[in-house]
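Novice: Take a look at the letters that make up each chain.
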Amino acid sequence: MPSKAIAAPVPTLGPPEGRGPSTRPVQRRTAPTVWRGGGLFHFSGVYALAVLIIVFAIVDSPYFLTSPTLKSILATSAIGGMVAVGAVVPFSTGMLDIQFGNVAGFALVLMTWLSLNSGLNDGVLALITIAASTAFGLASGLIVAYLRVSSLVVTLGMGTLALGCCYLAISARTAEADLSSWFSDIGRKTYGPLPLPVILLALLASLVHVWLEHTASGRRFRLVGSNPEAARMAGIDVARTQTIALTFSSFVAGVAGVIWTAQLGFGNSINGSNLLFPAISAVLLGSTQVRHRINVPGTVLAVLIIQTAVTGFNLHEGGTAAWPANAFSGVLLLAAVSIVAWNGRRQLRLAAQQAAEPSDAANRV
Amino acid sequence: MRSTARARTAGLTRFSGLYVLAIVVLVFWRLLRPGVWVSSQNVSVILSEASVVGLLAVAAVIPLSASLLDISFANVAGFAMGLTAYLALHTGWNTWLIGALAVAASAGFGLLSGLLVAVLELPSLIVTLGVSSVALAATQYLLDGQTLYPRARLAPSFLSLGTGQWGPIPIATFVLAGIGLAAWAWIEHTPSGRRLLALGGNANAARLAGVRSFRYQVLCLTLSATLSGIGGVVLLATIGTADDVSASGYLLPVIAAVFLGSTQIKSRFNVAGTFVGVILIQTGIHGIELKGFDQWVNYVFDGAVLIVAVIVSRRSSKYAF
Amino acid sequence: MSSKELFRLAGLSKTFGATAALRDVGLRIGQGEVHALLGHNGSGKSTLIKILAGVYQPDERTTAHTDGIPFALGDHAAAHEAGLRFVHQDLGLVDSMDTVDNLALGGHYLRRRSGFIDRPACTRRARELVESIGYRIDVTMPVGRLSAAQRTGVAIARALQDLDGRTRMLVLDEPTAAMPATEADRLFEVVAHLAEQGLGILLVTHHLDEVFRVADVATVLRDGRVVATRPVEGLTEHGLVDLMVGDQLEQAEHARHDQHALTGPECLAVDALSADAVYDVSLTLARSEIVGVAGLDGSGRVELLEAISGNRRRSGAVRIGGARVAANRPHAARRAGLGYVPADRTRNSTFADFDVTANITAAGVREYLRAGLLSARAERREAEQWIDRLGINPPDPSARVDSLSGGNQQKAVVARWLARRPAVLLMVEPTQGVDVAARESIYAAVRLAARDSGVLIASSDSEELAAICDRVLVLRRGRIAAQLRGSELTAAAIDRLCLSAVEPEAAHA
Numbered sequence: 009m010p011s012k013a014i015a016a017p018v019p020t021l022g023p024p025e026g027r028g029p030s031t032r033p034v035q036r037r038t039a040p041t042v043w044r045g046g047g048l049f050h051f052s053g054v055y056a057l058a059v060l061i062i063v064f065a066i067v068d069s070p071y072f073l074t075s076p077t078l079k080s081i082l083a084t085s086a087i088g089g090m091v092a093v094g095a096v097v098p099f100s101t102g103m104l105d106i107q108f109g110n111v112a113g114f115a116l117v118l119m120t121w122l123s124l125n126s127g128l129n130d131g132v133l134a135l136i137t138i139a140a141s142t143a144f145g146l147a148s149g150l151i152v153a154y155l156r157v158s159s160l161v162v163t164l165g166m167g168t169l170a171l172g173c174c175y176l177a178i179s180a181r182t183a184e185a186d187l188s189s190w191f192s193d194i195g196r197k198t199y200g201p202l203p204l205p206v207i208l209l210a211l212l213a214s215l216v217h218v219w220l221e222h223t224a225s226g227r228r229f230r231l232v233g234s235n236p237e238a239a240r241m242a243g244i245d246v247a248r249t250q251t252i253a254l255t256f257s258s259f260v261a262g263v264a265g266v267i268w269t270a271q272l273g274f275g276n277s278i279n280g281s282n283l284l285f286p287a288i289s290a291v292l293l294g295s296t297q298v299r300h301r302i303n304v305p306g307t308v309l310a311v312l313i314i315q316t317a318v319t320g321f322n323l324h325e326g327g328t329a330a331w332p333a334n335a336f337s338g339v340l341l342l343a344a345v346s347i348v349a350w351n352g353r354r355q356l357r358l359a360a361q362q363a364a365e366p367s368d369a370a371n372r373v
Numbered sequence: 004m005r006s007t008a009r010a011r012t013a014g015l016t017r018f019s020g021l022y023v024l025a026i027v028v029l030v031f032w033r034l035l036r037p038g039v040w041v042s043s044q045n046v047s048v049i050l051s052e053a054s055v056v057g058l059l060a061v062a063a064v065i066p067l068s069a070s071l072l073d074i075s076f077a078n079v080a081g082f083a084m085g086l087t088a089y090l091a092l093h094t095g096w097n098t099w100l101i102g103a104l105a106v107a108a109s110a111g112f113g114l115l116s117g118l119l120v121a122v123l124e125l126p127s128l129i130v131t132l133g134v135s136s137v138a139l140a141a142t143q144y145l146l147d148g149q150t151l152y153p154r155a156r157l158a159p160s161f162l163s164l165g166t167g168q169w170g171p172i173p174i175a176t177f178v179l180a181g182i183g184l185a186a187w188a189w190i191e192h193t194p195s196g197r198r199l200l201a202l203g204g205n206a207n208a209a210r211l212a213g214v215r216s217f218r219y220q221v222l223c224l225t226l227s228a229t230l231s232g233i234g235g236v237v238l239l240a241t242i243g244t245a246d247d248v249s250a251s252g253y254l255l256p257v258i259a260a261v262f263l264g265s266t267q268i269k270s271r272f273n274v275a276g277t278f279v280g281v282i283l284i285q286t287g288i289h290g291i292e293l294k295g296f297d298q299w300v301n302y303v304f305d306g307a308v309l310i311v312a313v314i315v316s317r318r319s320s321k322y323a324f
Numbered sequence: 027m028s029s030k031e032l033f034r035l036a037g038l039s040k041t042f043g044a045t046a047a048l049r050d051v052g053l054r055i056g057q058g059e060v061h062a063l064l065g066h067n068g069s070g071k072s073t074l075i076k077i078l079a080g081v082y083q084p085d086e087r088t089t090a091h092t093d094g095i096p097f098a099l100g101d102h103a104a105a106h107e108a109g110l111r112f113v114h115q116d117l118g119l120v121d122s123m124d125t126v127d128n129l130a131l132g133g134h135y136l137r138r139r140s141g142f143i144d145r146p147a148c149t150r151r152a153r154e155l156v157e158s159i160g161y162r163i164d165v166t167m168p169v170g171r172l173s174a175a176q177r178t179g180v181a182i183a184r185a186l187q188d189l190d191g192r193t194r195m196l197v198l199d200e201p202t203a204a205m206p207a208t209e210a211d212r213l214f215e216v217v218a219h220l221a222e223q224g225l226g227i228l229l230v231t232h233h234l235d236e237v238f239r240v241a242d243v244a245t246v247l248r249d250g251r252v253v254a255t256r257p258v259e260g261l262t263e264h265g266l267v268d269l270m271v272g273d274q275l276e277q278a279e280h281a282r283h284d285q286h287a288l289t290g291p292e293c294l295a296v297d298a299l300s301a302d303a304v305y306d307v308s309l310t311l312a313r314s315e316i317v318g319v320a321g322l323d324g325s326g327r328v329e330l331l332e333a334i335s336g337n338r339r340r341s342g343a344v345r346i347g348g349a350r351v352a353a354n355r356p357h358a359a360r361r362a363g364l365g366y367v368p369a370d371r372t373r374n375s376t377f378a379d380f381d382v383t384a385n386i387t388a389a390g391v392r393e394y395l396r397a398g399l400l401s402a403r404a405e406r407r408e409a410e411q412w413i414d415r416l417g418i419n420p421p422d423p424s425a426r427v428d429s430l431s432g433g434n435q436q437k438a439v440v441a442r443w444l445a446r447r448p449a450v451l452l453m454v455e456p457t458q459g460v461d462v463a464a465r466e467s468i469y470a471a472v473r474l475a476a477r478d479s480g481v482l483i484a485s486s487d488s489e490e491l492a493a494i495c496d497r498v499l500v501l502r503r504g505r506i507a508a509q510l511r512g513s514e515l516t517a518a519a520i521d522r523l524c525l526s527a528v529e530p531e532a533a534h535a
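Residue numbers (our numbering), protein chains in the order written: chain F, 9 to 373; chain C, 4 to 324; chain A, 27 to 535.
Since the hints were derived computationally from the structure, they do not count as laboratory data. Where hints are given, some of them may not hold.
Unchecked claim - SDA-like, lysine to any residue: derived pairs with alpha carbons at most 25 Å apart:
1) C/K269 x A/R138
2) C/K269 x F/L160
3) A/K30 x A/I95
4) C/K269 x A/L136
5) C/K269 x C/A185
6) C/K269 x C/T193
Only chain F is shown next, with the shape it has when bound in the complex (with noise of 0.2 Å):
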């Protein structure tokens, strides 16, 4: 968004100085980077969330506006919205990560069937079952960023190695997991209306975002994704960063899985393929609310969106139904990024309009 331009003078500045901590005052020249570009858009996340709350509060009450509603929407959201933020990482360095569903599902399964099939300690277990997720993520990462292939399909390929391996271990069946109850209890435990995977989903994702925002290397990784040829001449090492974007991707999805098993208390082949849809679509909801790229926090409101119309929506019909969660992403995704690509072209007709810049014309002729 083309910001406004600044009124106050700029100041003359003297011979190139040591990178010290500066003397002077800092002058404020602009308003901090997360409002600027009119607030309205950006956050209409947000007022949606708020008109949907009010819309269900009244539609549904009295069982709406309840403890009872907000832990479960919340409880259904931390799963789904660990693996969309494992999975912006990736997308913000322009790679398209399928596989971080599959892997979920296959920590899921490989955590029950561990639990079933040995005698180790279950933290163990969740530590080996981490650390197979992780390979997957490592392996696609390999593959596309040194053999420069595409990122969809191989990651395509690995998820569904993915989910073979868990018909390898389970088959169709579903598998009831032999857990001892301090991890249960990871699943179950909440500490005041927030269940304990909903506070790993807040801590998983402030890290994420800070990291993404306030590092050195997260801003490298996003350099990337906004062009990576740019990048590598700006000296960035374009291969390793992708490779560690997509295993870190599955290495929480990895993390998830385990959670998740925690929470169910059982594994089965085909609940990490329900996961992919309505992430990958929050991740790319997420990246019209906030900031308009993609972004955390914009992953995690748009989640939340996703699952409080879902929630709301079943409660009023009086079911569990798969097909609210994908008729709501999709809907909600092609709505958000239609709107985005009205408004943009709606700017770049105005930008056109106004002349073009003379001296580019003129030089270089």
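Position chains C and A relative to chain F; hints supplied.
Specialist: Chains C and A only, in chain F's frame:
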């Protein structure tokens, strides 16, 4: 000089994927069923299963020829399948009429995708992802979590589409052959098909030369959804039941076939090459099923083949995604 | 060649904002005449072609004539109707398709009664078309695999295929810019062949040898005006160069470069480097030295720097501070202390989704960490410094970089590398798209950078090179043809050496 040398290498790489997979498949078969090779019964079973994959693969390859990615084909097929079953069970209408309605509804999804891509210039991946979710939701809504068994309510003539045969060859294969031939003829041998390929090759140059990209974008996404709908209907006729997961299982073998096919016959996404890809993958899958391997081998094979296919195809040609 | 007039144009002017790109330009081309259009960067050559092609409109409604019939300039359809055909530098071919398809794309397909393409007939027709202009090409091979001259041939064939009746004029815009000499020869045989058939040809070129080889008349543009239109027969290369370059006195307002009496230790050594369009080039660069690389398009000027920086495959050795740098790995080169400001700014360099600050800090994000986190303050301070120093406009560190004009974007990219003070700084066309007033700030910044770095600048602007470089290497056809330094280092001398195979002193043959 330079051009002939390059042509020779390209020819070699072009068929290398074919050779590798052919060898793998042959070895597999020899190991699994020594003595049994290709009998007419085997052929007809392979062809039957391959027909749905083939239909969906043709559906997918049309937008790919214009460098558009349509990943909604599987869920749109599932929708057509579910809608047909649902209408068959809940209304007394003629089965063929129902089938036609389902295909028309599928076309509607494609039209939506096409318009969003053409008018708003949205990336086709995101649009078809969203449409795919909506199609899946629609299927799940109709099916209400159950598997439908409409076989008794489907006209026998309709069912023969899936299970009938003319001689040793399933009718579904004839349908596939007809549609595949039409698609091939259109893309390779008509001016509009060539313009589609030009858009896929260099959209800017094509537009400058006067190709109306809007028209073509809408057209190929609508076509792909229509063919997916037909695929879904044929699938229903073949297996006689409808659920919300059968069709999504086709996403991967189809994409594998299409990518593998992009290295065969021509070094770009193309219909004839896709046919080769389908046959290779189906033979492999069938070999596995014959042996009685569990479901998991299928998935692992699918996943591994896809990854191998994309690595091989990338060596011969470059694509944006 | 008949002297019947084919094309006539008079009184064409075009201004962009405050700059007059063309002033009262007139042109006359006869039937069967090959007319060369010459002029330096900034002479107005491209603007003229773009107006003919209908991309720009002239200041006032101007009419041109073909065969005596008038048509309005600045309208693509009218130009097409009038029989003008263009082959631009970007040929507009679909590389994955063969010649038959590319020709048909611009025209139509021959079809059978059934509606399907009659492939054999189309192939035959394509072959005939291509042969009629003098080429022999495998028309079933994807165009991307043809040589540069053959591709240009296909583009010419496509441009000419649908003309009948009205006499035609073909405009070739720098067709040999990316072609080796042997292929250019073949192209000009074709051009001569076409001229014999009565076509009028307007050839825009930089290469003087081409003018003498194939052109009948030459028009020279300078500063937007036609300075001469003469039959080539009476011209000499030296004379042409004089017309193009003029008797320029060294302009006092160009800041003279500091004579660095003391230059530092050697920071860059290039040994027997060969790459696409570069043959066996060796050079050294010392710290505090500013060395220019000059040459025409296709001389290897740009390719050389791309190869050194690792963005182009190369053979040969590159050493920075004595240590060998791995080839073909741009980020390794960067780590070794090499900064690279490429020419194609938007595609290669700007991070369009980010603001000016992030674009400036992109090559060394780690420097702005405080306690493990990026300090917005530190980044902004860096950005403000360069915004001020280079005069980036609007002076807003949080403006999205793609909201800036092209020239300002370029400044931001230059700042990105200046901020890093690398051991070696490579710059390709550093002031491309930057207006004249702002160039001085970039030059000043480059001189500042040279205190700590060795700077190598590839530029097609000889005035720029003369103003800031200590010495300039002139490339021709991929090899170093000459080096200028000290008092011989003038813009005119650079131009002459780029254009001409003849040394200034040995001029008149």
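Novice: Are the hints correct? Go through all of them and say.
Specialist: Hints, one by one, checked against the model:
1. C/K269 x A/R138: At roughly 24 Å apart (the allowed maximum being 25 Å), A/R138 and C/K269 satisfy the hint.
2. C/K269 x F/L160: 23 Å, holds
3. A/K30 x A/I95: 14 Å, holds
4. C/K269 x A/L136: OK: C/K269 and A/L136 at ~23 Å, within 25 Å.
5. C/K269 x C/A185: 18 Å, holds
6. C/K269 x C/T193: Roughly 17 Å separates the two Cα atoms, so the pair holds.
The earlier numbered hints are all upheld by this structure, with none contradicted.
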